[in-house]
Amino acid sequence: MSSSLRHVSHAPTRPESTWRALLESAAVEVFEIMAGARLEPIVDCQDEPQGDRTAMVGMAGALCGMMTIRCSGESAAKLASRMLDGDAAENPTTACDALGELCNMVAGNFKSKVSILADRCMLSVPTVIRGEDYVMQPVNFNEALTLVLSFEGAPLWISLVIHV
Amino acid sequence: MKKLRVLIVDDSTVMRKIVERSLRQAGLELAEVREASNGAEALAEVQNNNLDLILSDINMPSMDGIEFLRALGGVEGAKGVPVVMITTEGSEARVVEALSVGAKGYIRKPFTPDQVKERVSSLLGGNS
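Just so you know, the protein sequences line up as chains A and B, in that order. Counting along the first sequence from 1, when you hit position 51 you're at 50 in numbering that gives the first Met the number 0, and nothing is skipped either side. Counting along the second sequence from 1, when you hit position 22 you're at 21 in numbering that gives the first Met the number 0, and nothing is skipped either side.
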């Protein structure tokens, strides 16, 4: 654990009203810069998150929780292809690696936009799940901010799950 | 203009490729690009190669970028080799920690090739 977190209060951090817009801004910036991909919000999407690739990055400190990005394997491969200019995107391991890094950068970019988190929250290395027959079951009461964004016409779910 | 021998340290293969591509897009001439997926692997690379520049992630398994920087101080072949941290960490404290143990600069992910060029050029001066 970094020395920068040793004096962090463990008072729960609840999501603030501005966080949804900041999360969207963080995601749009990361996908634009690293993948040249323009994400568009999908409004009033009632679908549950779906897709057989889920990237996760844990967050600990002033905010405990997890950032996730869920999409289809096809979308993950397209993103990897954009990030690498087409190089090696057919490799499923590469596509998972790319999605994990995007999730990591969205989490980092989001926390840098929230002043109370920047120096008081650490990120884990990314993990990527392949497959969709699973349920995420946090052991503590939690709140979640979920955005549905369109990438090349396909939905992509970005969630910030917060343990409060 | 000297061609550079560079070590890129990141646990993500994708990020290592992107960093290398950014260096080339920035107009830097590369004689050789070595790769390592964590700090421990990077230390072995440093000992066996005559490097001009190291770019390292901070958050990595086994040995992270801060531990790597601390260990690098005791490696004879690493003396004077500039290290630039490339990290998702927006934390000023983590950046200050990296600079205090020997990093010469940092680049925050997401980054553009121009940002890489700016940081690296300012460190290498005439070599870039």
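Keep in mind the hints are simulated off the structure, nothing from the lab. Warning: the hint list may mix true and false statements.
List time: in silico BS3-like cross-link candidates among lysine-lysine, alpha-carbon distance up to 30 angstroms [as the list claims (entries may be wrong)]: (1) B:LYS78 <-> B:LYS2; (2) B:LYS103 <-> A:LYS112; (3) B:LYS2 <-> B:LYS116; (4) A:LYS112 <-> A:LYS77; (5) B:LYS103 <-> A:LYS77; (6) B:LYS116 <-> A:LYS112.
DEER-style ranges, computed between Cβ atoms [stated by the list, open to error]: (7) B:VAL95 <-> A:PRO137: 28 to 36 angstroms; (8) B:LYS1 <-> A:GLU15: 28 to 36 angstroms; (9) B:GLU91 <-> A:ASP46: 49 to 57 angstroms; (10) A:GLU39 <-> B:ASN48: 22 to 30 angstroms; (11) A:ASP46 <-> B:LYS78: 53 to 61 angstroms; (12) B:GLN24 <-> A:THR17: 33 to 41 angstroms; (13) A:ILE115 <-> B:SER121: 28 to 36 angstroms; (14) B:ARG23 <-> A:GLY57: 31 to 39 angstroms; (15) A:ALA153 <-> B:SER121: 39 to 47 angstroms.
A few chain A positions that, by computed beta-carbon distances, are all more than 12 angstroms from chain B [claimed, not checked]: (16) PRO14; (17) SER16; (18) PRO40; (19) ASP51; (20) CYS63; (21) GLU73; (22) ALA97; (23) GLY99; (24) GLU100; (25) LYS110; (26) PRO125; (27) VAL134; (28) MET135; (29) ALA143; (30) LEU146.
Even glycine gets a Cβ: it sits at the ideal position worked out from N, Cα and C.
How the hints compare with the structure:
1. Proximity of LYS78 (chain B) to LYS2 (chain B) is assessed by CA-CA distance (about 19 angstroms); at most 30 angstroms being required, the pair is judged to hold.
2. Proximity of LYS103 (chain B) to LYS112 (chain A) is assessed by CA-CA distance (about 25 angstroms); at most 30 angstroms being required, the pair is judged to hold.
3. Only pairs whose Cα atoms come within 30 angstroms are accepted, and LYS2 (chain B) paired with LYS116 (chain B) is accepted, the gap being roughly 15 angstroms.
4. Between LYS112 (chain A) and LYS77 (chain A) the alpha-carbon distance is near 28 angstroms, which keeps this suggested pair within the 30 angstroms criterion.
5. Of the pairs offered as hints, the one joining LYS103 (chain B) and LYS77 (chain A) is violated, with about 35 angstroms between alpha carbons and a cut-off of 30 angstroms exceeded.
6. Distance hint between LYS116 (chain B) and LYS112 (chain A) is fulfilled; the C-alpha atoms sit about 25 angstroms from each other, no more than 30 angstroms.
7. Taking the beta carbon of each, VAL95 (chain B) and PRO137 (chain A) are about 33 angstroms apart, inside 28 to 36 angstroms as hinted.
8. For the pair LYS1 (chain B) and GLU15 (chain A), the supplied restraint of 28 to 36 angstroms is violated, since their beta-carbon distance comes to about 50 angstroms.
9. Distance hint check for GLU91 (chain B) and ASP46 (chain A): the Cβ-Cβ separation is about 39 angstroms, which falls outside the suggested range of 49 to 57 angstroms.
10. As the Cβ distance of GLU39 (chain A) to ASN48 (chain B) is approximately 45 angstroms, the hint placing it in 22 to 30 angstroms is violated.
11. ASP46 (chain A) and LYS78 (chain B) have their C-beta atoms about 57 angstroms apart, which keeps the hinted 53 to 61 angstroms range intact.
12. Checked against the given bound of 33 to 41 angstroms, the beta carbons of GLN24 (chain B) and THR17 (chain A), roughly 35 angstroms apart, stay inside it.
13. Under the hint 28 to 36 angstroms, the C-beta atoms of ILE115 (chain A) and SER121 (chain B), about 32 angstroms apart, fit the expected range.
14. Judged by the Cβ atoms, the range 31 to 39 angstroms given for ARG23 (chain B) and GLY57 (chain A) holds: they are separated by roughly 33 angstroms.
15. Checking the proposed 39 to 47 angstroms range against ALA153 (chain A) and SER121 (chain B) shows it holds: the Cβ atoms sit about 41 angstroms from each other.
16. No Cβ of chain B comes within 12 angstroms of the Cβ of PRO14 (chain A); the nearest lies about 18 angstroms off, and the non-interface call holds.
17. Annotated as non-interface, SER16 (chain A) keeps its C-beta farther than 12 angstroms from every C-beta of chain B; the closest such distance is 21 angstroms.
18. With a least beta-carbon separation of about 19 angstroms from chain B, PRO40 (chain A) lies farther than 12 angstroms from that chain, consistent with its non-interface assignment.
19. The claim that ASP51 (chain A) lies off the interface holds: its Cβ sits roughly 19 angstroms from the closest Cβ of chain B, which is beyond the 12 angstroms cut-off.
20. The claim that CYS63 (chain A) is not at the interface with chain B holds, since no C-beta of that chain comes within 12 angstroms of its own (minimum 16 angstroms).
21. No beta-carbon of chain B is positioned within 12 angstroms of the beta-carbon of GLU73 (chain A); the least distance is around 17 angstroms.
22. For ALA97 (chain A), the non-interface assignment is contradicted: its Cβ lies about 5 angstroms from the closest Cβ of chain B, within the 12 angstroms cut-off.
23. In this structure GLY99 (chain A) is not separated from chain B by more than 12 angstroms, as the shortest Cβ-Cβ distance comes to only about 7 angstroms.
24. Chain B draws GLU100 (chain A) into its interface by the beta-carbon criterion, the shortest separation being 5 angstroms against a cut-off of 12 angstroms.
25. Once the 12 angstroms rule is applied to beta carbons, LYS110 (chain A) is inconsistent with being away from chain B; the minimum gap is 6 angstroms.
26. Residue placement check: PRO125 (chain A) does not keep its beta carbon more than 12 angstroms from all beta carbons of chain B (closest about 8 angstroms).
27. With a least CB separation of 27 angstroms from chain B, VAL134 (chain A) remains clear of the 12 angstroms interface cut-off, as annotated.
28. Under the 12 angstroms C-beta cut-off, the non-interface status given to MET135 (chain A) relative to chain B holds; the minimum distance is some 22 angstroms.
29. Consistency note on ALA143 (chain A): stated as away from chain B, and its beta-carbon is indeed over 12 angstroms from all of that chain's, at 21 angstroms minimum.
30. Even its closest Cβ contact with chain B, about 17 angstroms, leaves LEU146 (chain A) beyond 12 angstroms, as expected for a residue assigned away from the interface.
In terms of the numbered hints stated before, the structure departs from hints 5, 8, 9, 10, 22, 23, 24, 25 and 26, listed from lowest to highest.
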